[in-house]
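Enquirer: Same order as they appear, the protein sequences are chains V and S.
For the first sequence, the positions run 20 to 131 when our numbering is used.
For the second sequence, the positions run 5 to 301 when our numbering is used.
Rather than coming from a laboratory, the hints here were simulated on the basis of the structure.
C-beta: ideal position from N, C-alpha, C; glycine also.
Be aware that one or more of the hints could be misleading.
Partial list, derived from the structure: chain V residues whose beta carbon lies under 10 Å from chain S [unchecked claim]:
1) G30
2) A33
3) P37
4) F39
5) A67
6) K117
7) Y120
Label pairs and their calculated CB-CB ranges [to be verified]:
8) V:E34 to S:T266: 37 to 47 Å
9) S:N276 to V:Q76: 37 to 47 Å
10) V:D53 to S:K51: 54 to 64 Å
11) V:D121 to S:P113: 47 to 57 Å
12) S:E114 to V:N125: 54 to 64 Å
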Amino acid sequence: MKIAFSTKGEGWDAEMDPRFGRAAYFLIYDEDKDTLETADNGKVADMAHGAGPQAAQLLFQYKPDVLITGNGPGGNADRVLRQTGIKIYIGAMSGTVKQAYDKYKNNELKVF
Amino acid sequence: MKEIVIISGKGGTGKTSLTSSFTMLSGNDLIAADCDVDAPDMHLLLKPDLAKSYEFYSGELAVIDYDKCTSCGICMEVCRFDAFSIIDDLYKISKINCEGCAYCSYVCPEKAIEMVTQNVGKWYISNIKSGSQMVHAHLNVGAENSGKLVAKVKNEARRIAKETDKKYILVDGSPGIGCPVISSLTGADFVVIVTEPTASGIHDLKRVNDLVKRFNIKCSGIINKCDINPAACREIEDYFTAEGIHHLVSLSYDENFTKAMTEGKTIVEYDNGELYNKINNAWENITDLLQTKGESQ
Numbered sequence: 020m021k022i023a024f025s026t027k028g029e030g031w032d033a034e035m036d037p038r039f040g041r042a043a044y045f046l047i048y049d050e051d052k053d054t055l056e057t058a059d060n061g062k063v064a065d066m067a068h069g070a071g072p073q074a075a076q077l078l079f080q081y082k083p084d085v086l087i088t089g090n091g092p093g094g095n096a097d098r099v100l101r102q103t104g105i106k107i108y109i110g111a112m113s114g115t116v117k118q119a120y121d122k123y124k125n126n127e128l129k130v131f
Numbered sequence: 005m006k007e008i009v010i011i012s013g014k015g016g017t018g019k020t021s022l023t024s025s026f027t028m029l030s031g032n033d034l035i036a037a038d039c040d041v042d043a044p045d046m047h048l049l050l051k052p053d054l055a056k057s058y059e060f061y062s063g064e065l066a067v068i069d070y071d072k073c074t075s076c077g078i079c080m081e082v083c084r085f086d087a088f089s090i091i092d093d094l095y096k097i098s099k100i101n102c103e104g105c106a107y108c109s110y111v112c113p114e115k116a117i118e119m120v121t122q123n124v125g126k127w128y129i130s131n132i133k134s135g136s137q138m139v140h141a142h143l144n145v146g147a148e149n150s151g152k153l154v155a156k157v158k159n160e161a162r163r164i165a166k167e168t169d170k171k172y173i174l175v176d177g178s179p180g181i182g183c184p185v186i187s188s189l190t191g192a193d194f195v196v197i198v199t200e201p202t203a204s205g206i207h208d209l210k211r212v213n214d215l216v217k218r219f220n221i222k223c224s225g226i227i228n229k230c231d232i233n234p235a236a237c238r239e240i241e242d243y244f245t246a247e248g249i250h251h252l253v254s255l256s257y258d259e260n261f262t263k264a265m266t267e268g269k270t271i272v273e274y275d276n277g278e279l280y281n282k283i284n285n286a287w288e289n290i291t292d293l294l295q296t297k298g299e300s301q
């Protein structure tokens, strides 16, 4: 299982970003391999418009099964994400990536 | 630290009048952020000193390098925005018409068209008359607000609020439900929708509430000018109940809103009577709701 997080920084102690489209980074945790990959979303966050769908496109390259974020993607990003069957969990508004992962494991996050 | 976003869907409902009043009432507890960057008004009432100013760059426009251009005209053929014209045998791009889609740059065989990032205005950190600070922006003529600019203003407000240990960030959102509004909502703890009993007021209230629901943010409502159409007002009250929107207060149509504005004052500075009390109660109500929300988590 590959799990993506919208974050403000890199590594397990990075702070979660409640935004999806304009999140600074996406971190992708591969549970099978136990690796944490970084996708730099800085270029997308810097776009004037259409950040949501572009962020979704970037995320696809990593083929995550699950996305953990704060508020949840906006309408346009959501429509793109739905195409892949990715499962989206929301409510990880703040705290570290590690804490968000624990919350997900304990079923404390809401399905979007 | 809690972030409160005030939106309306429809413009002209009294959103900024109330945001600036709340800003005055909370004094030094709050950082204000004016994200209605297309038509920022809060500066008229809060008298910011523009203490720090920064350039803002957003979006790209196509620019032709005439040393490389062979006037083949392919750019003009593909442009969907009629941005090209031929003046004195040279292809020119209208800055107003160019949408920055980069199609021309992509197809140019001579690689003569470059996409150039645009300076669209300035953003500021100001001291305001409430004794606190405000983050706001001013766009150049013809430049448009964007999710990017809203994110910038909000992030700066959040940074200052953190550094100065403020209780609240109060965001004046923009009308509508588009990119800037979406950007103003993400990361917020609480939303206040200011609406009015008119057909367009109700229509846009519903649209913006659908957007707020998508982001799972606790939502409350203020009905302004509630007495101009009692039947429509009841319709809004019923909608609030059905949707679980906490009804903060209803305010009657009051010319003191306009009188205060023409004197460059917020309503709570101008009116010490019933209007002041109602707005003050609404603000206390908001802070109480944030408190209880925090405890239940």
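Enquirer: Enumerate the violated hints, using their earlier numbering and listing them in ascending order.
Expert: 1, 2, 6, 7, 9
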